[in-house]
Structures are given as structure tokens and as C-alpha cells.
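Trainee: Below, each chain spelled out in residue letters.
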Amino acid sequence: GEDVEQSLFLSVREGDSSVINCTYTDSSSTYLYWYKQEPGAGLQLLTYIFSNMDMKQDQRLTVLLNKKDKHLSLRIADTQTGDSAIYFCAEQYSNYQLIWGAGTKLIIKP
Amino acid sequence: EAGVAQSPRYKIIEKRQSVAFWCNPISGHATLYWYQQILGQGPKLLIQFQNNGVVDDSQLPKDRFSAERLKGVDSTLKIQPAKLEDSAVYLCASSSSGTGNTEAFFGQGTRLTVV
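Protein chains in written order, with the working numbering: chain A, 1 to 110; chain B, 111 to 225.
To be clear, the hints were calculated from the coordinates, so they are not data collected in a lab.
Keep in mind that the hints are not guaranteed to be accurate.
[Claimed, not checked] Partial list, derived from the structure: chain B residues whose beta carbon lies under 8 Å from chain A:
#1 132
#2 150
#3 151
#4 152
#5 153
#6 155
#7 158
#8 166
#9 201
#10 212
#11 213
#12 214
#13 217
Ideal Cβ placement from N, Cα and C applies to all residues, glycine included.
Can you make the complete structure from the sequences, with help from the hints?
Mentor: Shown next as C-alpha cells:
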């Protein structure tokens with residue numbers, strides 16, 4: 001069945017780059033998403049990538065997709081304290097259904 | 111543009127009681143989702159509506175959970191009777207229909223505690 005996996009925690013120093021990784025099992029996904037969830041807030045779409053792309057850059061965010069290995073990553077350059085949150089990877093199928101990972105909590109050290 | 115509205119924000123009930131959650135999606139969004147998010151886990155889709163029809167309710171525990179979306183706008187999710195394991199945040203999301211990627215906009219959720 002479908003499965004999306006992420007590591008639970010990532011700790012980085014303020015100003016460094018953060019790389020959050022995600023693996024998925026189903027190759028028929030159409031889009032892959034990164035959502036951000038801050039404490040007490042709803043999920044917010046950060047960025048997405050179409051499944052026929054390898055890379056997408058959006059300001060401080062870079063998404064890399066390796067379809068062969070079914071691996072997706074989100075790089076946040078110059079990580080700031082405001083980036084502290086839980087980051088969810090999700091894949092979309094052709095019926096618009098989303099399958100979610102368990103989320104990676106990003107911890108920023110001063 | 112107003113976002114997805116949910117109420118209440120918090121609810122504490124005893125097991126075997128009933129509870130209902132309400133969601134008002136973004137105006138014009140045809141697709142509405144209810145998710146259950148247990149602490150430390152990603153969201154799990156309970157039900158997906160397209161207008162007032164059900165697209166997917168395969169993971170909805172139908173013996174105790176029910177949802178409706180009358181007139182294709184607002185939606186309610188009900189649990190009757192509640193169990194301890196229903197303690198979670200219930201998220202409502204909406205999206206516009208169409209081709210391509212479909213960004214889902216989420217409400218702040220209702221945190222349910224069953225004691």
C-alpha cells in the first residue's frame with residue numbers, strides 16, 4: 001500500500017541550511033507537496049513539485065525529487081527561528097487524494 | 111480572502127458521549143476534506159466531498175463517525191459514541207477542483223479530548 005516516511009526530528013543551528021527528507025512508495029503520484037505546521041496553527045502549503053520535475057527553487061526553499069529512488073527533499077537555506085515547525089511531506093494521486101508522512105519537527109539551535 | 115473556518119477550537123467530552131464539528135470552506139471551493147490528526151502523526155483522511163457528494167470515505171469508521179455536506183458548502187462531522195482513541199485534532203480543508211495540482215487550504219482544527 002501507499003506509504004510516506006520521514007524522520008521525526010531535525011536539529012540545525014540558526015543560519016545553517018536544513019534538509020528534510022521524505023521517501024514514498026508509489027510511483028504513480030502526480031504532485032508532491034511540503035506543508036508546514038506551526039504550534040496551534042493549521043497546515044500551510046510551502047511548496048510543491050510536479051512528478052516530472054527534478055528540482056524546484058522558491059526563494060530560500062529548494063525541492064529535489066529523485067524519482068528513481070522515490071526520494072523527496074526540502075532544503076531551507078539560512079534557517080531562522082521562525083522556521084521552527086513540523087514539516088509534512090505529502091503525495092497526490094490522480095484522484096487528488098493526498099497521502100501524508102508523519103512529519104519532521106525542525107528544531108533551531110541558537 | 112477568508113480562510114477555512116472550523117468550530118469549536120477545543121472540545122472535551124466523556125467517552126460514549128456525542129460530539130459534532132463544523133466546517134465552513136473557502137467560498138467557491140468544491141472539494142472538502144475531513145482529516146484526523148493524532149498527536150505525533152500525519153493527517154489521516156476520513157472523508158472527501160466533491161460538492162455534496164462523497165468521493166472517498168474508505169477510512170471513515172462508519173459505525174460511529176458520520177459526515178454530511180448539505181448544499182455543497184458547510185460540513186459537519188459527528189462522532190457517536192466517542193471512544194478514548196478518538197482524541198485527536200480534526201482538520202477540515204478545502205480546495206478548488208480542476209486539473210493540475212490542488213492546493214488544500216486547512217482550518218486551524220478542532221482539538222478533541224475524550225476522557
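Trainee: Does each hint fit the structure? Answer for all of them.
Mentor: Hints and how they fare:
1. 132: Result: violated, 15 Å to nearest chain A Cβ.
2. 150: Residue 150(B) check passes; min Cβ-Cβ to chain A is 7 Å, inside 8 Å.
3. 151: This interface hint holds because 5 Å falls under the 8 Å limit.
4. 152: holds, 3 Å
5. 153: holds, 5 Å
6. 155: Check passed: Cβ of residue 155(B) comes within 7 Å of chain A, closer than 8 Å.
7. 158: Residue 158(B) check passes; min Cβ-Cβ to chain A is 7 Å, inside 8 Å.
8. 166: holds, 6 Å
9. 201: holds, 7 Å
10. 212: holds, 5 Å
11. 213: OK, holds: residue 213(B) within 8 Å of chain A, min 5 Å.
12. 214: holds, 7 Å
13. 217: With Cβ-Cβ at 6 Å, under 8 Å, it holds.
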